[in-house]
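Novice: Sequence:
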Amino acid sequence: MIQCIIVVLVVQFLMGCASHGLPEATRKTSVLVIPLEIANESSGSWINHFQLELVPVAREPVANGLNVPVPTESTDFILVTELAPGAYAIANLVSFLAPEWQIGRGGDRRVWNVNLPFDLYPGEATLFNHRLKIRQRSSGDGRISTQYYFDRLEGTEMNEFANQFESQVQNADSWQVNYQTE
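Start counting the sequence shown at 268; every next residue gets the next number (the working numbering).
Treat the hints as calculated values from the structure; they're not laboratory data.
Careful, some of the hints might be misleading.
What follows is a list of derived Cβ distance ranges for each label pair [as the list claims (entries may be wrong)]:
1. Gln443 / Tyr416: 26 to 36 Å
2. Asp440 / Arg404: 33 to 43 Å
3. Glu433 / Pro338: 19 to 29 Å
By construction, the Cβ of each residue, glycine as well, lies at the ideal position given by its N, Cα and C atoms.
Work out the full structure: start from the sequences and follow the hints.
Specialist: Written out as structure tokens, the structure is:
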């Protein structure tokens, strides 16, 4: 019995260590790949959590918007598989205090309007041309600051990111890769 439990725990652990995976490409599916660089350079836990608000921009929306949580663990990109093909924009980057840092009712919520458009095509993985960078730092007096912004990827950086995506994601080869150029 104990051996069975150990085997189950080891399998679950190894599944958690596996690389990102994508479903097989179809004409009804699309993927958005957002480059991410995240670093906690402070001695504590993350003060803020983040999410991206994605919204349709067509006159007749192809789908509802979507709130995408931004992981605070080390990862190279965010995969968004829940959107149908169509025209969208990253409307806002939202930061809010982690529950352990909130005082009183409600959380400190800040919204940064970014309005970065992108198109999703059937059966294609769209590599977004802006990297989201988030850093948390401690100052000498104990204060913690957080910086977050989008940095445009071009040329060699974009090619390196495409290679990284294809090497780290299972089933990436079944998707045609589309580079966002706007």
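Novice: So which of the earlier hints does this model not fit?
Specialist: Every hint satisfied by this model.
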